[in-house]
Amino acid sequence: MVVEPVTFTSVRAVPKRRRPLREWLSGILPQLVLAPSLLASFIYVFVFCGWTIWISVSNSSLLPDYSWSGFHHYVELWGNERWRIAYTNLFLFGSLYVVGATTIGLLLAILIDQRIRAEALWRTIYLYPLAISFIVTGTVWRWLLNPSTGVESLIRHWGWTSFKFDWLVNREMAIYTVVIIGIWQASGFVMALFLAGLRSVDPDLIKAAQIDGASMPRIYRRIILPAIGPIFVAVLVVLLQSAIKIFDLVVALTAGGPGIATTVPSIYVYDLIFQRGQMAEGAAAAMMILFVLSFVLVPYTIWSNWRLRREASRG
Amino acid sequence: MADTTAYDPLGAVGTWRRRQAKLIIYALLGLFALYYVVPLAVVVINSFRSLPDISHNGLISLPHSFSLDYWSSAWSKFCVGGTCNGIQPFFFNSVAMVVPATVISTAIGSLNGYVLSKWRFTGSETLFGLMTLGVFMPGQMVLLPWARVLGWLGLTNTIGGLVLIHCVQGLSFTTLFCRNYYVNIPDDLVKAARIDGAGFWRIFRKIVLPLSPPILIVTVIWQFTNIWNEFLFAVIFSSGTNQPITAALIALGTADTGVHQYGIESAAVLIAALPPLLVYLFGGRYFLRGLTQGALK
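Protein chains in written order, with the numbering used here: chain A, 2 to 316; chain B, 76 to 372.
Hint data in this document are derived by calculation from the structure and do not stem from the laboratory.
Quick caveat, the model's predicted, so the values are computed rather than measured.
Some clues are possibly wrong.
Estimated spans, in silico, between C-beta atoms of each pair [unchecked claim]: (1) A:R200 - B:V113: 28 to 34 Å; (2) B:N232 - A:P300: 52 to 58 Å; (3) A:S62 - B:S314: 19 to 25 Å; (4) A:W307 - B:V258: 42 to 48 Å; (5) B:N232 - A:G71: 56 to 62 Å; (6) B:D262 - A:R85: 42 to 48 Å; (7) B:G105 - A:L64: 56 to 62 Å.
Residues on chain B that point at chain A, a partial pick, calculated with CB under 7 Å [as the list claims (entries may be wrong)]: (8) P114; (9) I183; (10) L186; (11) N187; (12) V190; (13) L208; (14) F211; (15) P213; (16) L349; (17) P351; (18) L352; (19) Y355.
Even for Gly, the Cβ is constructed at its ideal location relative to N, Cα and C.
Could you put the whole structure together from the sequences, leaning on the hints where they help?
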C-alpha cells in the first residue's frame, strides 16, 4: 500500500472567532455522522424484531390487530403437521448439508493444496455456483433431476431402460435433492475457507514431521487439521446459518413439493403470511426460525469473545 | 501461490508412487469439476439448441443445431406475467435497484467504519456490536414490519422500496467490512493529521479514502452480487412489471403452459446470472475476500 504523503499546507493562520455552536457541532460530528445508521440499525434489529414478536402474540390474521391474544398461535403452530414436517426437514437438510459440504469442501481443499497445476482454474470452477442466484441454479437442477428430462431419461436413452432416478418427484426422497444442490452450491466456499486455513499452517511444523518420517495422512490428522480448528467452527456457523435461512433454493427447485414433502420453515412463514392471511401464526413461525438461529449464534459469539480475550491476554 | 518456500506434501515419496498419487488427485478433481460444471454447461448449450433438437435428443446432449433466436426472444420478446417484452424490463429493474443500493450502502458503510475505527467514543464498540447484529437477522423476522413501513412511506411495490430495504440490511455488512479494514490504518497517521489541524472530513478525504480502494471493491462486489441475487424481499415486495429479475424468473419458470420453452428459459436464466458471474470472473479475488471476511468477521 502506498501512503500518500500528507501535507497540510492550509494550516490556518487566520485568528479564530469563537463560534460555540459550530465548535460543539464539529465536536460531535462523528456521532452525528453515525446517528442515522445507528437509528436505522436499531429500528431494523430491535423495533422490527419486537414488532414481529408482538404480532405473534396478537390477534392479527389477514390484517394486523394488535390486541393481546396470548401464546396460542405458537400452540397451533406446533399442532400443525405441515409445520412439523417443515421443522423435521430443516434438521434433516441442515445436518446432511453441513456434513456433506464440510466433507467435500475439506477434501477439495486438501486436494488443491497438493501443489497441483492450474490451481486458479480449479478454484474458479468449484466456487462459481456461489456467485449465482439459487433461482438460476434451481431452475437448471430442476431439469437435470426431473425424471422425464434429466439424468434418468439420459441414462435410459443410453440403453439402461430400467434406470430410475426420480428423487425430485418422490415424496420420500425429494428433500435429499435439496441437500445435493445445497452442497453443490456451498462446498466451493467451504473449500476456499479451508484452503486459506491450510496455507496458514506453519510449513516448518510440517517439514519437521516429514523428517521424522510421518506419513502425509498422519500429518494431516495430527498436525494440520488440529491447527485449523477455528476454521471448522467458522464453516459450521456459516453453513448452519444458511441452512436455517434456506428459502430460494427450495422455492426454485421444488416449491416445497411434491405435496408438502420439502416444506421448510421459511417457506411456511411466507405461505402463512402472504398466501393464507394468518399473520400471527406466521410471525410465530418466524420467531421459531430466530430461536433456532440463536442456538447457533449465541454460543458462537461467546466462543469468539472468549478467544479474543484469550489472545489479548496472551499479548 | 507464488510461495517458493512452500513445502511439497509429496516430497518424501518416491517418483512412481508420486505419479500415482498425482493421477488420483487429478482424477478426483476432475470428477468434482464435472459435478460443478455440468449444470452450467447444460444451460449454456441448451440456450443455443433448437426446440426440435432438444425434444429429439433430450435436455442433456451435445448440440445438433445452433440458433441465437432464444437469446433475442428471452431478452426482448418472450411473455412474462402478461407483458411481452422479454426479460429485459426486469433486468433493468434489477439494475435500477442494485446500483443505488450498492452505492449508498457502501458510502454509508465507509463513513461508519471510519467513525467506528478512528473516532471512537465511549460506547462506540457496543454500538458497533449492535450494528453488526443486523448481519444475522433472518429475513422472515422483518417481513411484516417492512410491509408496514413501505406502506407508510408510499414505497409499496416500487424499486425505491427495495433500494431502502437493501440499504438498511446491507448497512451492517458494509460497516463491518470497512470498520475492520480501517482499524489497520495506523492511528498515528490520523493523530498527526489532527495535530496539524485537519478535521473529520479532511482526514477522511485525504488519508482514509485514498487507502480504501481494496475494501471498497470488496464491499461493492459483495453488495452487488447479494442484492442482484436476492429473492425473498424481491418476490414479496414487488409484483407485475416492478419485479427484479430473480422474482420474474420464478414466474417464467413456473408458468408451465403448453410446450416448455427450454431454449428461452435457458437464455433468460443465463442473462440473469451474467452480471454476478462476470463480477465473479473478473473480481474473483475480491469476491472471495468479501466472502471470507463476511464469514469469519
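Legend entry - Restraint satisfaction for P114 (chain B) [CB to CB of chain A, less than 7 Å]: This hint holds: P114 (chain B) lies near chain A, its Cβ roughly 4 Å from the closest one there, short of 7 Å.
Inset, instruction - Identify whether the interface hint at N187 (chain B) stands, where standing means a beta carbon of chain A within less than 7 Å of its own. - result: Because about 5 Å separates N187 (chain B) from the closest Cβ in chain A, which is inside the 7 Å limit, the hint holds.
Inset, instruction - Take the C-beta atom of R200 (chain A) and the C-beta atom of V113 (chain B), compute their distance, and say whether it sits inside 28 to 34 Å. - result: Since the Cβ atoms of R200 (chain A) and V113 (chain B) sit about 29 Å apart, the hinted range of 28 to 34 Å holds.
Inset, instruction - Verify the interface restraint on L352 (chain B): the C-beta must sit less than 7 Å from at least one C-beta of chain A. - result: OK, holds: L352 (chain B) within 7 Å of chain A, min 6 Å.
Legend entry - Interface restraint verdict for I183 (chain B) against chain A (beta-carbon cut-off 7 Å): holds (6 Å)
Legend entry - Hint validity - F211 (chain B) Cβ closer than 7 Å to any chain A Cβ: It holds, given that the least Cβ distance between F211 (chain B) and chain A is near 6 Å, below 7 Å.
Legend entry - When the least beta-carbon distance from L208 (chain B) to chain A is tested against 7 Å, hint result: holds (5 Å)
Legend entry - Cβ distance range 52 to 58 Å for N232 (chain B) and P300 (chain A), holds or violated: Roughly 40 Å apart at Cβ, these two residues miss the hinted range, so it is violated.
Inset, instruction - Could you see if the CB distance from D262 (chain B) to R85 (chain A) stays within 42 to 48 Å? - result: violated (55 Å)
Inset, instruction - Grab the minimum C-beta distance from V190 (chain B) to chain A and call the hint holds if it beats 7 Å, violated otherwise. - result: holds (4 Å)
Inset, instruction - Starting from the range 42 to 48 Å, see whether the pair W307 (chain A) and V258 (chain B) falls in it by beta-carbon distance. - result: Given a distance of about 20 Å, which is not inside 42 to 48 Å, the answer is violated.
Inset, instruction - Double-check P351 (chain B) for me: the hint is only fine if its C-beta lies closer than 7 Å to a C-beta in chain A. - result: holds (5 Å)
Going down the numbered hints, you'll see the structure goes against 2, 4, 5, 6 and 16, while the others check out.
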